[in-house]
Structure formats: structure tokens, C-alpha cells
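Undergrad: Spelled out from the first residue to the last, the chains are:
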Amino acid sequence: MLAYIVRRLLYAGPILLGVNLFTFILFFGINTPDDIARMQLGPKYASEESIQRWKTERGYDKPMFYNPAREGVEKLTDTLFVDKSLRMFAFEFGQANDGHDIALEIRGRMAPSFAVALPTFVLSLFAAITLALLLVFFRATALDFWGVTLCVTMMSISSMFYIIGGQWLVSKIWALAPVSGYAQGLDMVRFLCLPVLIGVVAGVGSGTRWYRTIFLEEISRDYVRTARAKGLSELATLFRHVLKNAMIPILTGVVVVIPALFLGSLLMESFFAIPGLGSYTIEAIRSQDFGIVRSMVFIGSVLYIFGLILTDLSYTLVDPRVRLG
Amino acid sequence: MGFRFVLLPTDLLVFLLIVCTVIFAVLARRRAPSREAWRRVGRQPAAMASAVILSVFAIIGFMDSLHYRVQLPSGEGAQAVYSSEVLSALDALLTPLRVRVEKTYSAPFARESFQRETVERADGGQARITPRLVYGASHLQEGESMLSDIARRLAWTPFLALAVAGALLCVLGAGVARNQGIGVADAVRRILAGRTDLAWRSALIVVFLAMLLIAAGVALAPHYHMLGTDKVGQDVLYLSLKSIRTGLVIGTLTTLIMLPFAVALGIAAGYLGGWVDDAIQYLYTVLNSIPSVLLIAASVLMMQVMIDTNPQWFDTAAQRADARLLALCAILGITSWTGLCRLLRGETLKLRELDYVQAARAFGASTPQILRRHILPNVMHIVLISVALDFSILVLAEAVLSYVGIGVDPSTISFGSMINAARAELAREPVVWWSLAAAFGFMLTMVLAANLFADAVRDAFDPRRQLR
Chain A
44 MLAYIVRRLL
54 YAGPILLGVN
64 LFTFILFFGI
74 NTPDDIARMQ
84 LGPKYASEES
94 IQRWKTERGY
104 DKPMFYNPAR
114 EGVEKLTDTL
124 FVDKSLRMFA
134 FEFGQANDGH
144 DIALEIRGRM
154 APSFAVALPT
164 FVLSLFAAIT
174 LALLLVFFRA
184 TALDFWGVTL
194 CVTMMSISSM
204 FYIIGGQWLV
214 SKIWALAPVS
224 GYAQGLDMVR
234 FLCLPVLIGV
244 VAGVGSGTRW
254 YRTIFLEEIS
264 RDYVRTARAK
274 GLSELATLFR
284 HVLKNAMIPI
294 LTGVVVVIPA
304 LFLGSLLMES
314 FFAIPGLGSY
324 TIEAIRSQDF
334 GIVRSMVFIG
344 SVLYIFGLIL
354 TDLSYTLVDP
364 RVRLG
Chain B
2 MGFRFVLLPT
12 DLLVFLLIVC
22 TVIFAVLARR
32 RAPSREAWRR
42 VGRQPAAMAS
52 AVILSVFAII
62 GFMDSLHYRV
72 QLPSGEGAQA
82 VYSSEVLSAL
92 DALLTPLRVR
102 VEKTYSAPFA
112 RESFQRETVE
122 RADGGQARIT
132 PRLVYGASHL
142 QEGESMLSDI
152 ARRLAWTPFL
162 ALAVAGALLC
172 VLGAGVARNQ
182 GIGVADAVRR
192 ILAGRTDLAW
202 RSALIVVFLA
212 MLLIAAGVAL
222 APHYHMLGTD
232 KVGQDVLYLS
242 LKSIRTGLVI
252 GTLTTLIMLP
262 FAVALGIAAG
272 YLGGWVDDAI
282 QYLYTVLNSI
292 PSVLLIAASV
302 LMMQVMIDTN
312 PQWFDTAAQR
322 ADARLLALCA
332 ILGITSWTGL
342 CRLLRGETLK
352 LRELDYVQAA
362 RAFGASTPQI
372 LRRHILPNVM
382 HIVLISVALD
392 FSILVLAEAV
402 LSYVGIGVDP
412 STISFGSMIN
422 AARAELAREP
432 VVWWSLAAAF
442 GFMLTMVLAA
452 NLFADAVRDA
462 FDPRRQLR
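Protein chains in written order, with my numbering: chain A, 44 to 368; chain B, 2 to 469.
If you are wondering where the hints come from, they were derived from the structure by calculation, not from laboratory data. Just to be clear, a hint being listed does not mean it is correct.
Calculated lysine-lysine pairs in the DSS-like style (CA-CA distance at most 30 Å, straight line) [said to hold, decoys possible]:
| hint | chain 1 | residue 1 | chain 2 | residue 2 |
| --- | --- | --- | --- | --- |
| 1 | A | 273 | A | 287 |
| 2 | A | 87 | A | 105 |
| 3 | A | 105 | A | 118 |
| 4 | B | 351 | A | 287 |
| 5 | A | 98 | A | 118 |
| 6 | B | 351 | B | 232 |
| 7 | A | 215 | B | 104 |
| 8 | B | 232 | A | 215 |
| 9 | A | 87 | A | 98 |
If we strip away everything but chain A, and leave its shape as in the complex, we get (with noise of 0.2 Å):
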């Protein structure tokens, strides 16, 4: 067990180093810092001293890979991409724009974006895996086809119009919560329940047609028949049989986010203004700074790996049969 998490940890370093290599080329190859520095300072005011005092200042003034101007082994060290690039490794991640470190604000913004991200997850999990057991309950009968209907049309439908509608319905017109806004203690859960109910409305259609047909695909097994000759009730069968045997699939497609969920969500924070990291997010991207959208690729992609590890970790906690080593 601890030879297989080592190995994996050890296969991470390659990927992260090609994130890490995909990235940069990304925001530096395709695009020079003369033309980014061009960009941000206005086209009015970028002459070429400005745009070298604004390299300089911003460390952008280094060749990419290789400098020719340094000694021994700084030659390659003293440039950009070590500087910019492979320093993430160690979380560090700079300066953005406006001057603040990235890797404080990345840190005291996780928790808010924890707090929306987890009961959302957790709440809209359980309810999708409730709604699909009673689909698969009753299938091939009007409700179930009235439910799938309804689950395909809530799919249909925009996440923006959830959101929009939501806010509309419960804080303009039934006033019962709070439009956005953020708060530290107790006083969050005022804040947080209208955006975790809008996520779980808006995702409980793809989710509980998705674990219907796991459930659906589970029921036709043999072990199945084998219970229900054996004369257990169809409810037994359910909750004892398909839903356990179900747990594989259902932990491949939910484990993996659970270490993103720190990211949080782009479209919730910013509609219901909580300081999280997808706020954080969509601010960097409306004022371009490209060192905040640059170290929160790199940390998706290290949490997204981690969510792999665990996934395969939790295989062996539903099934005896998988055994890492």
C-alpha cells in the first residue's frame, strides 16, 4: 500500500512537470512579455523604456530557458522559466498584479471556497443517489419516465438561469435569504445556504440520470436474480446488493473532485460574492493577471492528481478484491 502511494506520488512528478512546461509555453511562447507588457500598459503609453521598466520591475526581463549572460549552472537557472515556472513546485507563486503574494491570498481564500463547495458537493451527492434509487425503484413505469424527463429538461437548462432564477425567486421576491455576500462563523450559513440549494437544484438533473444508469447497469447482473430468487425483498436487494456493488463506479467519478473542491466554483462565487478562490479566479481573468490564472492551473492540476491517488485509495475500502502494491 505505502510502495503503490510512493509509486504514484513519484508518476505525479512527470505530469506535473508537463503541466508545469504546458503552462509556461502557454503563457510565455505564444505571446513575448514585450507583448503582454504592450498590452497592459496601453498601447498609448508603451514605449520601449516603459515596457523594459515594466519587465524589470515584474522579473519578466530573464531569457526563457537559457542565459548566457550567467556562470556555471546559473546559466540556466537565473531565467524565466525557473524563476516563473518550476518555483511552483515550492507554492511559491509570486506577485500578482496589484502587488499582493498569490500563495497568502490562494490560502486565507480556500476555506470560504471549502465552505460553499462541501455542502454542495456532499448534499447534492445524497440527493442524486436518493433520487436515482427510487427511479430505479419504479423503473420502466410513468414515473420513471417522468423523471428522466424532467432530470434531461433540468440538464437543458443553464446553470446562469439557476442561479439567476434563484436569487430572484428567494431573496427578491420571498426575501428569505440574504442576495450574496460572505461572513465569517455562524453567521455564514445565512450566506451559504441559497447558493449550496441553487447548486444542488442545478446539479441533481445530470446526477441522478447518471447513477441511474449505474444503478440500472448493476441490476441486470446475475447476483441480482441470485438475491432475489434467494426471496429478498426488492428493497433489500437496492439498498444491500446494487448499491454497494454500484460503489466502484460511483466513487470513480466522485472521489477525483473532492481535492478540487477547493477551487470552488467560478459561476457561485462570483454571483453570490463569497471571497473564495473561483472569485479570485474570474477577477484575474477580467484584469488579465496572468501570474493569478497561472498558479491556479498549477494548483488544480496538483489537486486533480491528488483526486486520482484517492480514488484508486478508496477502491479498497468498497472492494476487498482491489489490492494496491
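Following the hints, put chain B in place on chain A, whose structure we already have.
TA: Chain B in isolation, oriented as in the chain A frame:
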């Protein structure tokens, strides 16, 4: 007045897509298994209904892809000068909607503007009134009933819709009659009772409803703003119809761009194995591990900088917006090929070990030949299913990306930009709801039809689903 055709890059790809679809259809007709699968799709009423709806959208999108520039009046013998405004065949058709621009918001079927204005009264005082619209319902006299006017204009529309549906019924009846070797009257009766093999009745019902809506639009849109107007007074119906092309382009061209890569790399990785497999797997693991929204955001930002620093590449604003749309499709394609690639690799791994492929190899068929003749046709169902399922996801993604600020060019009319503009106005009292409602209605129709159709395609083509 002269005009000059303009071929934007996305237009070219749209035409290419149509050619590809026709070729695919011809190939699918020739092969008995796929013909049978498509027949299974056609048996489902929901699929037939969705297909009609999607065809209507596709026709609108196609008309919006025929672009031209109008010649400006110039002196005798002078060189012809063309307007910098790029129009489409749809624009020409919707000229009454396009040019009748009000000052600002107005509600659907409104006579008066939504906002109050201060005007001088005849006696010298001032008054706050909502002025009559310049175009919307302007033909009505003071005190004339709008309802009776609308009823009068709509009177002929049901007959037209009935006539079209009836004509189609006759044609279909003749076709069914010839196929089954029965009388035409009998065939028509069967269609109406829903007892034909393919679900023609549901298709006809949707044709009737669609014709009813189109006829109502033709009858009323030149005289009223049926869905109201937006902030700068543009007709919302016009904006909604223009958004269709953007949605279709993003939903289809993205797939068209990424498909060759996904198929080639997926099959190569699965069949060849070894270092090719390792390299391709590494590539898609790296791309896959970057959260897609962030990858799209990063790529779009960089593309934006490139377009902004090189304004000399584009003659007109339409060309720039089009380049951005195409780049967005390419970026979405780059981020979305990994899933299909992995599926194809897995399927190819399975197929490679099957007897018939082994036999082909033993007979000395070359690798490219095996891939083309034996592997590719047998993974096409996966490609088809994933194309159908991706379409609706991409249309929905466009709206979100436009909100984040990494979607289409702000000058491109799209569902995303419509929602975005309308969102800011919800705080108004009374609420400006019609832009949102229009975007909601059109998007829901399009995505729901696509989802239902994709479901039918998946049920018909996925071999695992037929065993049940």
C-alpha cells in the same frame, strides 16, 4: 445594388461540416448495421420530434452563415466600395427586425417605451410620460385595440401550418405506401394513428407547431416587437435568432476540429501500443489534469492578447469576431478531445485482440489498412455517441464562458452575451425579464432537443444497451 460574398473561416468550416455530414450519411446508408441503428433512432417519437426541431435550428444557422457585404453608392466609374458591415442571408430576411431599432427597452408587444421621458407639453409645462415606440405597434391608432389587430393578422396562420403539415403528410403517405405496398389512403391513416415503423406522426406534429410559430412570427414581427427590445433598442427576437448560429457553431465546429486528433491518437495508442501509447497517454493525462475551465481561461486570455496586439490581421470587425469564435472552438476542442481519445484507446485495445483483426493481420493486411477497414468502422459508434452528447454540453458552456469573460467576442451575438446583458437589469423595478426569458426559451429548446436526440442515438448505437 451590388454585393460581394464574404467567406468567413467559420463559414468555410460550416460548409465543410455539411459535406462531411452528407458523406457520413451516404456511408451510413450503405452499411446494414448502421442503417438498422438509425432506423432504431427513427422509431422513437422523441428522437423524430427533436430531429425536426434541430433541423429548423440548423436551417436558421445555415442561412446565417451565408455572408456578404453590400456595395456602397459611389460615383460613376469609381472603384466599387463595399460597406464594412458584414451581413448574412438571415439578416436580409430579418431586415424589418434588424433596422427597426427603438431608443431603449420595451416590453414584448408594447406600444410605449419602458422608460419614462420628460417632454414639453403644449401648454409649456413638463410631463413625465412613456413615449410611443417609433416602430413597435406604431401602425395602431390611439385607442385601437391591439388584441383585435393581432387576431386579424394571425387569422391565416393556422391554415398555412395545416396546409404545410398536410402536404407533408401526403408526401410521406405516398412514400410509406410505396414501401409497404399498400394504398396511399391506408398509409396516411397509419401515419395519423402512429402505427408506422418510423415515428412520422410526432415529426408531423412538430412540423405543424413549428410552422405555426414561424407563420406567427412572419405575421406579427414586422409590426410588433414580439419579444421586446434590449437596452439599445434592438429587437430581442432578432438577437435570439442570431444567437442560434453562434451556439450551433460552437457545438459542432469544436467537435469537427478535435475529432481527427482524438480518433487518430486514440486508435494509434490502442492499436500500436508501446512508446506511442505511452506518449499519447502522457499527453492526455497532462491535459486532463488541468481543470478545463482554467485551461480554457488561460488559452483564451493568450489568444486575446495575440488578437489585440495584431489588429492588422483583420479587415473588418466581423472578421476579428469570427477569428475569435473559431479560436474559441479550437481551444474548446483542445480541452475536450482527451475523453473521447481515452474511450477510443480502450475500445481499440479490445478490438485488437479479436479474431477478425488477427485474421486480417495473418493475411498480411498492412497496419494502416487494418486501422481504416477493420478498427475505424467498429469504433464509429463511440465517436457518434460522444459527438451527440458533447453538443449540448458545449452550447451550455458557451453561456458560462461568456459570463466569465472568456467566451465569444463582445460584438458576437450569442446566448451568453444576451444573458450577460440582461443579468445586470434584474435589479430594475419593474423587472426587465424578456431578454432572459427569450434566451432561456431558445436555449432550452435547442439543448433539450439535442439531449433527447443524443439519448436516442446512444440507445440505438451502444451495443451494451441492446442486451437489456
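Undergrad: Hint by hint, which ones does the structure fall short of?
TA: Violated hint: only 6; rest satisfied.
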